[in-house]
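Asks: Please build the complex by placing chain B on the supplied structure of chain A, with the hints as guidance.
Chains as they are written, first to last, in our numbering: chain A, 1 to 121; chain B, 1 to 194.
Source of the hints: derived by calculation from the structure; they are not laboratory data.
Quick list of simulated restraints, FRET-style, between CB atoms: (1) B:Thr-36 with A:Leu-42: 15 to 25 Å; (2) A:Gly-15 with B:Lys-185: 48 to 58 Å; (3) B:Lys-193 with A:Leu-17: 41 to 51 Å.
Where a beta carbon is used, it is the ideal one built from N, C-alpha and C, also for glycine.
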Amino acid sequence: MVLVDKDGQQIAVHGELGDLDTTSLASLVAGNVAATGGMAKLIGEDEFPTLSHEGAKESIHISVIGRVLLVVVFDDRSSLGLVKLAVQTNLSGISQCLRGNRKRIRHTRSEECAPICRDYR
Amino acid sequence: MTFINYASREINCKIVYYGPGLCGKTTNLQYIYDSTATQAKGKLISLATETDRTLFFDFMPLELGTVRGFKTRFHLYTVPGQVFYEASRKLILKGVDGVVFVADSQEERMDANIESLYNLEENLQAYGYDLMKLPYVLQLNKRDLPNVIPSPDLTSELQRKGEPVVEAVASTGAGVFDTLKAVAKQVLTELRKS
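If we strip away everything but chain A, and leave its shape as in the complex, we get (with noise of 0.2 Å):
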């Protein structure tokens, strides 16, 4: 399981990957969930809020989670409804978190921070 940003940054990993070359993962599923948005827009729609890929053996199930994506590789020990219906379950869970971290962060940024800009200014 990989957290990215939009923009392909990866934010955590967790899980039995591998090897997996996990920038590049993150990148890529930047730019397939930019250029899926830019299909949506040409339809009229906003943005898809799910992507899967199914391979013969390993399988991608990404969700868009605001400014972040929740990207899924699992093999054909499971399957793609029990992995969307997994996600699904931890949704508000995994968005609570990421607002929480939002608010940590900005606190961490005005408390924490704050001597470090004194010092630069």
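Replies: For chain B alone, kept in the frame of chain A given last:
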């Protein structure tokens, strides 16, 4: 690879604008889009980040007259220039018929130009293309800025095979169409040969 549709008598070619980040690839395309007649162009699709940096590509189809009764349509693409988007950049080169290398003339961007040019050669090789055989134009962009390297020096450093070199200021449109014409001419010459 050039796509020829005999049924609709159309020839589709792919031209890719390549170069380092912030060298003006999107600006080139934007100028072409703004200055061509509505009936000759399709929609300009720009897949960019919130800060307007190209994320995946910019794309616009452009009709450039007819060749032996076939309508020629050029698909113009740009690549993301930032080093980080290597995987996406490589994808866009697939099936390319002609390349424009947009070099940033500013002194401090010289290393970025050289790195990007090496990257172009490497990525072309990965698809079995040889820059020496591909229709190719070198554009020296941002000639209006004060800290630019003289054209002959930039040319001797970046020219690979005696390709046409065009000085440009993409933001005002200077040299933009000359570049496009130079690469389109080479693509069509290649097409005639085949």
